[in-house]
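K.L.:
Sequence:
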Amino acid sequence: MLGGLDLIFTCLFTVELLLKLGAFGVYSGKHAYLRSGWNVLDFFVVLISWFSAILGFADIDMGALRALRALRALRPLRLVNRIEGMKTVVHAMFNALPGVGNVAAVSLLFMLIFSILGVQLFGGRFGRCTVAVGAASASRTACEAAGHVWYNPQIGNFDNTVNGMILLFEIITSEMWPDMLHLMQDASEPNEAPSTGASLWAARIFCVAWITTGGHRVA
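One gets the numbering used here by counting positions in the sequence shown from 1 and adding 3 to each.
Careful, some of the hints might be misleading.
Said to hold, decoys possible - Derived DSSO-like pairs: lysine-lysine, alpha-carbon spacing no greater than 27 Å straight-line:
1) K33 / K90
2) K90 / K23
3) K23 / K33
As the list claims (entries may be wrong) - Ranges between beta-carbon positions, derived for each pair:
4) S191 / L111: 41 to 47 Å
5) I214 / S191: 20 to 26 Å
6) P156 / F12: 49 to 55 Å
7) W41 / L111: 31 to 37 Å
8) E192 / M89: 54 to 60 Å
9) I11 / T216: 53 to 59 Å
No lab work stands behind these hints: they were computed from the structure. Built from N, CA and C at the ideal position, the CB exists for glycine as well.
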């Protein structure tokens, strides 16, 4: 049923495309079909639709081609070309992209600065041993010497700048940020087990500074 409807609409779109090509021309002329970005989108959607139909008739299901078949989801965008209000909104979005890019650059700069600061304050200090008690849990050296594994919590770490930036993004989305604050507060020396309140004020000042300054800019 759905396959039949898909083929019917593909044929209708193709007829529309051919009529427009005949009326406006392909590319020569001010109002030629392919001189409009919206018409190019229509042409691309029709082309993908026929490509998908041919694959269906031939019973071809190659993994690399599934992504192209998924591009049929672009069909609703054809409505934008026919509704003036939607077209105005889309144009406004594209016109705003340069300004959004500038804001994104400034936000990434703030995130990079705080990530570097986080690496200096908490780099290598979130690790812990798979054994929570005993002499083996005191440091990375003792843990590995006893045959255990020294690991970082899944929530994240500040061992490098990239991990730090990911962690900062998690904090500003308010996703499990109290857990991260607790990890920061208990961070002791690098490659040593966490100690309750070892970095209490450093963690508090860092989180408050990020959320109130950098976090607001990124958000």
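K.L.:
Each hint: holds or not?
P.N.:
Checked hints:
1. K33 / K90: holds, 20 Å
2. K90 / K23: holds, 19 Å
3. K23 / K33: Measuring from Cα to Cα gives roughly 14 Å; hence the hint holds.
4. S191 / L111: 41 to 47 Å: About 31 Å separates the Cβ atoms of S191 and L111, which means 41 to 47 Å is violated.
5. I214 / S191: 20 to 26 Å: holds, 24 Å
6. P156 / F12: 49 to 55 Å: 51 Å Cβ-Cβ, so the 49 to 55 Å window holds.
7. W41 / L111: 31 to 37 Å: Cβ of W41 to Cβ of L111: about 33 Å, so the range 31 to 37 Å holds.
8. E192 / M89: 54 to 60 Å: holds, 58 Å
9. I11 / T216: 53 to 59 Å: For T216 against I11, whose Cβ atoms are near 57 Å apart, the range 53 to 59 Å holds.
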